[in-house]
Amino acid sequence: MSFMFTVSPGFSPAHLSGWYIFNTWLQKQTELAIHLELHDNFHAQTEAIKNDNVDLIYANSFDAAMLMRDKGFFPLVKAKGKSDEAIIAVNSGNTVEDVAHLEPGTRVAYTDDPDVKMMGMIMLEPADLDATNIESVVANTNILVAKKLLKGDADAGIFLAEAFDDLSKMIKMQLRVLVRSEISDIHHSLMIGPKLLDKREEIQKSLLEMNACDKGLGVLNSLGFDAWEKVEADEIEFMIDLVDALSM
Amino acid sequence: MISDMNPEDIVGEFKEVTLDLYNSVSRKILYTDIETPYPDGKLIVSTTTPEGIIAHVNSAFIQMSGFTEEELIGTPHSILRHPDMPPAAFKDLWNTVIKGDKWQGFVKNLRKDGGFYWVKATVIPNVRQGKVVGFTSVRRKPSRTKVDECTALYPPMF
Ligand SMILES: Cc1cc2nc3c(=O)[nH]c(=O)nc-3n(C[C@H](O)[C@H](O)[C@H](O)COP(=O)(O)O)c2cc1C
Chain A
1 MSFMFTVSPG
11 FSPAHLSGWY
21 IFNTWLQKQT
31 ELAIHLELHD
41 NFHAQTEAIK
51 NDNVDLIYAN
61 SFDAAMLMRD
71 KGFFPLVKAK
81 GKSDEAIIAV
91 NSGNTVEDVA
101 HLEPGTRVAY
111 TDDPDVKMMG
121 MIMLEPADLD
131 ATNIESVVAN
141 TNILVAKKLL
151 KGDADAGIFL
161 AEAFDDLSKM
171 IKMQLRVLVR
181 SEISDIHHSL
191 MIGPKLLDKR
201 EEIQKSLLEM
211 NACDKGLGVL
221 NSLGFDAWEK
231 VEADEIEFMI
241 DLVDALSM
Chain B
1 MISDMNPEDI
11 VGEFKEVTLD
21 LYNSVSRKIL
31 YTDIETPYPD
41 GKLIVSTTTP
51 EGIIAHVNSA
61 FIQMSGFTEE
71 ELIGTPHSIL
81 RHPDMPPAAF
91 KDLWNTVIKG
101 DKWQGFVKNL
111 RKDGGFYWVK
121 ATVIPNVRQG
131 KVVGFTSVRR
141 KPSRTKVDEC
151 TALYPPMF
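Going down the list, the sequences are from chains A and B.
Residues in the first sequence are numbered consecutively from 1, following the working numbering.
Residues in the second sequence are numbered consecutively from 1, following the working numbering.
For the record, the hints were derived by calculation from the structure and aren't laboratory data.
Among these hints, one or two may not hold up.
[Stated by the list, open to error] Straight-line distance between alpha carbons at most 20 Å, and here's what the computed EDC-like set of lysine to aspartate or glutamate pairs gives:
(1) K146(B) - D130(A)
(2) K120(B) - E125(A)
(3) K108(B) - E125(A)
(4) K230(A) - D166(A)
(5) K131(B) - E237(A)
(6) K102(B) - E237(A)
(7) K120(B) - D98(A)
(8) K146(B) - D98(A)
(9) K131(B) - D234(A)
(10) K131(B) - D244(A)
(11) K146(B) - D128(A)
(12) K120(B) - D244(A)
(13) K215(A) - E229(A)
(14) K102(B) - E125(A)
(15) K120(B) - D130(A)
(16) K195(A) - D70(A)
(17) K131(B) - E235(A)
(18) K99(B) - E182(A)
(19) K120(B) - D185(A)
(20) K120(B) - E182(A)
(21) K120(B) - E235(A)
(22) K131(B) - E51(B)
(23) K205(A) - D226(A)
(24) K146(B) - E103(A)
(25) K172(A) - E97(A)
(26) K146(B) - D198(A)
(27) K102(B) - D244(A)
(28) K131(B) - D70(A)
(29) K108(B) - E13(B)
(30) K108(B) - D128(A)
[What the hints assert, rightly or not] Short derived list, chain B residues pointing at chain A, Cβ under 8 Å:
(31) K42
(32) L43
(33) T49
(34) N58
(35) K120
(36) N126
(37) R128
(38) K131
(39) V132
(40) T136
The beta-carbon is built from N, C-alpha and C at its ideal position, and this holds for glycine as well.
Produce the complete structure using the sequences and hints provided.
This is the structure we're talking about:
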């Protein structure tokens, strides 16, 4: 029997190969056949979850709610010291100094990542901007959001902070950050589904000990962090309430 | 318990008023005209028991309110009640969340130093296994236009 592992789309492309390396490591540790399937967009991933084609997932806070409440998933771990944050940036030639000075009709570029979009829209509220008075410019990736700003096809862009930080120096030089969120309570978590629940403790233990050996640490570094940290269901419930409140 | 405010904690010239809080508690409030601007990109988060006693605060809450975590945990949330806030706003808040719904509004909060800060607040019930085990409030930065509207609107409601 083979299990399906997926990673929520929207992560920085710099870590793409890291997830494959991680999956290889995980299969060795657990002696389970685990297949990593990355979906191109959130819609495809949601379909896979609905059809019970996911057993292990590195999920964002939006999906965590559905996975825990409707699909019987449990959280295992999160990346230590990491949280999901968003950035609002403009072309460096733009004269706007403060988000609050953006005007109705502003063309805002963003990806279909629901967490990031939500955090970004909240940071636009001080300018009295919302879905009804901005012009949406949807882009497939964070890099394409940057390109929209560089080409003048959008006035402001919403980025996953980590993906923005990983943009090339050349691109970043031509952009200016207006605001970066400091929420710290919203994060991805690795979650395990009903078919793997009997292995929950064993897998969690391996993950928590992963940074103790050089090989494991190397794999973690290719994902952009140094260790996993245990996550309890309570913490995810708290995060779900937070996101629920922010979605209003 | 909520104690009276201490003149030694107050920064700047202050006015004095006595507020009647829930449960026949009255509190002497010392307040100033000094506004602390809401920090960009941050959320102020707190969780209460079903009775409105503070159970958890994040670091932005501590920073903006000026209280220490020890002073906040175990204290009624009305420790932030500003005299310019109409009581009707909080009545509406409680009526809404007790029904299990979400409440949203603009709130002027009192700092330990007598100053104030405006927030856009959302309060939601924390439902676990079908039971309300507490409430969470998440505040974000309000727009100046909204704050000005509330400033104009709130005082006449008394
Ligand atoms: C989760 C939660 C957060 C609250 N946050 C605030 C707040 O930031 N400021 C405030 O004045 N009241 C807040 N309240 C309302 C207070 O409980 C209280 O009703 C209000 O301060 C008025 O005081 P009173 O009810 O004693 O008259 C909050 C209530 C809840 C349930």
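Hint by hint, here is what the structure shows:
For the proposed pair K146(B) and D130(A), the alpha carbon gap of about 14 Å is at most 20 Å, so the pair holds. The hinted pair formed by K120(B) and E125(A) meets the criterion: a straight-line CA distance of about 10 Å does not exceed 20 Å. Between K108(B) and E125(A) the CA atoms are separated by roughly 17 Å; this keeps the pair inside 20 Å, and the hint holds. Taking the CA atoms of K230(A) and D166(A), the gap is near 26 Å; set against the 20 Å cutoff, the hint is violated.
Only pairs whose Cα atoms come within 20 Å are accepted, and K131(B) paired with E237(A) is accepted, the gap being roughly 13 Å. At roughly 16 Å between alpha-carbon atoms, K102(B) and E237(A) fall within 20 Å of each other, so this suggested pair holds. Between K120(B) and D98(A), the direct Cα distance comes to roughly 19 Å. Compliance with the 20 Å bound is thereby established for this hinted pair. At roughly 17 Å between alpha-carbon atoms, K146(B) and D98(A) fall within 20 Å of each other, so this suggested pair holds.
Proximity of K131(B) to D234(A) is assessed by CA-CA distance (about 14 Å); at most 20 Å being required, the pair is judged to hold. Taking the CA atoms of K131(B) and D244(A), the gap is about 17 Å. The hint holds against a cut of 20 Å. Distance check on the hinted pair: K146(B) and D128(A) sit about 8 Å apart at the alpha-carbon level, within 20 Å; holds. Distance restraint check for K120(B) and D244(A): the Cα-Cα separation of roughly 15 Å lies within the 20 Å cut-off, and the hinted pair is therefore satisfied.
Of the pairs offered as hints, the one joining K215(A) and E229(A) holds, with about 18 Å between alpha carbons and a cut-off of 20 Å not exceeded. Of the pairs offered as hints, the one joining K102(B) and E125(A) holds, with about 19 Å between alpha carbons and a cut-off of 20 Å not exceeded. With a CA separation close to 14 Å, the supplied pair K120(B) and D130(A) stays within the 20 Å bound. With a CA separation close to 15 Å, the supplied pair K195(A) and D70(A) stays within the 20 Å bound.
Proposed proximity of K131(B) and E235(A) is supported: the alpha carbons are some 17 Å apart, at most 20 Å. Restraint check for K99(B) and E182(A): not satisfied, since their Cα atoms lie roughly 32 Å apart, outside the 20 Å limit. Taking the CA atoms of K120(B) and D185(A), the gap is near 18 Å; set against the 20 Å cutoff, the hint holds. Restraint check for K120(B) and E182(A): satisfied, since their Cα atoms lie roughly 17 Å apart, inside the 20 Å limit.
Between K120(B) and E235(A) the CA atoms are separated by roughly 24 Å; this puts the pair beyond 20 Å, and the hint is violated. A C-alpha spacing of about 14 Å is found between K131(B) and E51(B), which places the hinted pair at or below 20 Å, so the restraint holds. A hinted pair counts as satisfied when its Cα atoms are at most 20 Å apart, and K205(A) with D226(A) qualifies at roughly 16 Å. Taken as a hint, the K146(B) and E103(A) pair is honoured in the structure, with Cα atoms around 15 Å apart against an allowance of 20 Å.
Proposed proximity of K172(A) and E97(A) is supported: the alpha carbons are some 17 Å apart, at most 20 Å. Distance check on the hinted pair: K146(B) and D198(A) sit about 52 Å apart at the alpha-carbon level, beyond 20 Å; violated. The suggested pairing of K102(B) with D244(A) holds, with an alpha-carbon distance near 9 Å, which does not exceed 20 Å. At most 20 Å may separate the alpha-carbon atoms for a hinted pair to count; K131(B) and D70(A) meet this at roughly 17 Å.
With a C-alpha separation of about 19 Å, the suggested pair K108(B) and E13(B) falls inside the 20 Å cut-off, and the hint holds. For the given pair, K108(B) sits about 18 Å from D128(A) by alpha-carbon distance, which is consistent with the 20 Å threshold. Taken as an interface hint, K42(B) checks out: its beta carbon lies about 5 Å from the nearest beta carbon of chain A, inside 8 Å. This hint holds: L43(B) has a C-beta 5 Å from the nearest C-beta of chain A, less than the 8 Å allowed.
Proximity of T49(B) to chain A is violated relative to the hint, the smallest CB-CB distance being about 15 Å (cut-off 8 Å). Using the Cβ-Cβ criterion of 8 Å, the hint placing N58(B) at the interface with chain A is satisfied: the shortest such distance is roughly 7 Å. For the restraint placing K120(B) at the interface with chain A, the shortest Cβ-Cβ distance is roughly 7 Å, inside the 8 Å limit, so the hint holds. Evaluation of the N126(B) hint against chain A yields a held restraint, the C-beta minimum of about 6 Å falling below 8 Å.
Proximity of R128(B) to chain A holds as hinted, the smallest CB-CB distance being about 7 Å (cut-off 8 Å). The closest approach between the C-beta of K131(B) and any C-beta of chain A is roughly 13 Å, which is over the 8 Å cut-off, so the hint fails. Interface hint at V132(B): violated, since its Cβ lies 11 Å from the closest Cβ of chain A, which is beyond the 8 Å cut-off. Contact between T136(B) and chain A, as hinted, is supported at the beta carbon level, the nearest pair being about 5 Å apart and thus within 8 Å.
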